[in-house]
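At position 205 of the sequence shown (counting the first as 1) the number is 205 in the UniProt record's numbering, and the numbers step up by one without a gap.
Honestly, I wouldn't trust all of these hints.
Mimicking BS3-like on lysine-lysine, the simulated pairs with C-alpha atoms at most 25 Å apart in a straight line are [as the list claims (entries may be wrong)]:
| no. | residue 1 | residue 2 |
| --- | --- | --- |
| 1 | Lys313 | Lys296 |
| 2 | Lys103 | Lys129 |
| 3 | Lys211 | Lys223 |
| 4 | Lys306 | Lys235 |
| 5 | Lys231 | Lys290 |
I should point out that these hints are in silico values taken from the structure, not numbers from a laboratory.
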Amino acid sequence: MGKANFRPTSWEQYIGQEDLKTNLQITITASQLENRAVDHILLSGPAGVGKTSLAYLIGVMLKTKTHILHGPNLQKPSDLICVLTQLKDFEVVFIDEIHAISKEVSELLYPVLEDNTLNLIIGKDYNSKNINIPLPKFTLIGATTNLYHLSQPLIQRFPINLTMNNYTLADLQQIIFNCAQQQTIKLGMPEAYFIAQHSRFNPRIAINLFKRIYDYALTTNCKIITIVLIKVVFKNLQIYLGGISKLEINYLSIINNTFGNKPTGIDMIAQVLNEPVVNITNSVEPLLLKLGFLEKTNRGRVITVKGQGFLQKINFKKFENS
Numbered sequence: 001m002g003k004a005n006f007r008p009t010s011w012e013q014y015i016g017q018e019d020l021k022t023n024l025q026i027t028i029t030a031s032q033l034e035n036r037a038v039d040h041i042l043l044s045g046p047a048g049v050g051k052t053s054l055a056y057l058i059g060v061m062l063k064t065k066t067h068i069l070h071g072p073n074l075q076k077p078s079d080l081i082c083v084l085t086q087l088k089d090f091e092v093v094f095i096d097e098i099h100a101i102s103k104e105v106s107e108l109l110y111p112v113l114e115d116n117t118l119n120l121i122i123g124k125d126y127n128s129k130n131i132n133i134p135l136p137k138f139t140l141i142g143a144t145t146n147l148y149h150l151s152q153p154l155i156q157r158f159p160i161n162l163t164m165n166n167y168t169l170a171d172l173q174q175i176i177f178n179c180a181q182q183q184t185i186k187l188g189m190p191e192a193y194f195i196a197q198h199s200r201f202n203p204r205i206a207i208n209l210f211k212r213i214y215d216y217a218l219t220t221n222c223k224i225i226t227i228v229l230i231k232v233v234f235k236n237l238q239i240y241l242g243g244i245s246k247l248e249i250n251y252l253s254i255i256n257n258t259f260g261n262k263p264t265g266i267d268m269i270a271q272v273l274n275e276p277v278v279n280i281t282n283s284v285e286p287l288l289l290k291l292g293f294l295e296k297t298n299r300g301r302v303i304t305v306k307g308q309g310f311l312q313k314i315n316f317k318k319f320e321n322s
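Modelling step: build the complete structure from the supplied sequences, incorporating the hints.
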């Protein structure tokens, strides 16, 4: 696929999140009219829904430099201070996974967000003194998949707090179609919609699936991507309708067959599936609940009629640990 860049460079290219885009466009336009920096922004939402792409786009719209930082790498105040002290007016600082910054870095951000000032303590004990360093006018954008891992004082210091949601099938269809337009292989809207149906309502997954389909078409010398070709790729990848994976099907099969679809505790399922409970609750169950295949009760997990119908449809009646 070469080095195709699927990141949007205009509001029109950024598909989905319409209300959020409208609010940001208003904020950016107002800041430009008054020659001030855009207020600091906190973006929260599931992984892969476009938080990083949106941060890049804001930088593009402001026609300024965007400094990219990662929360897990910001453990000492000096990790952030060296970036902040080199900023120029109106630049953007993007901290991905901001929930992973240390407590010390989080507290360092309080005066930065509130007063645009670095508050540093120089020296030790009786020889220490506070120094306030004014910062250039800039915009800090934080992105997190775990909003409630952030302290309330930090959250409240972001004037703009936006929540991003999963995408509709129509949005994903357009994203996939737009990706295909950048390539030499042809793909129609019906085929894009079929891929979208397997994308777990997530644009990152949709784009990654398209890349795998593109690779297959390229190596088999196919000039047009058809649904038949897509089905072959999905069969090889063990991806089922809705984007359900082999692990999720094994999960359903355990409840349905091993436990006769009686209410089953999560710990018991995790033991049989040989997966950590946290992985099941965070990565396996959300999609099954969204698709209506699973129900949580006070007594345990049970498969719905819709979920049983899905298992019968794919003829996956026996638990496979392969």
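Contradicted hints - numbers only: Nothing - there is no hint that the structure violates, so all of them hold.
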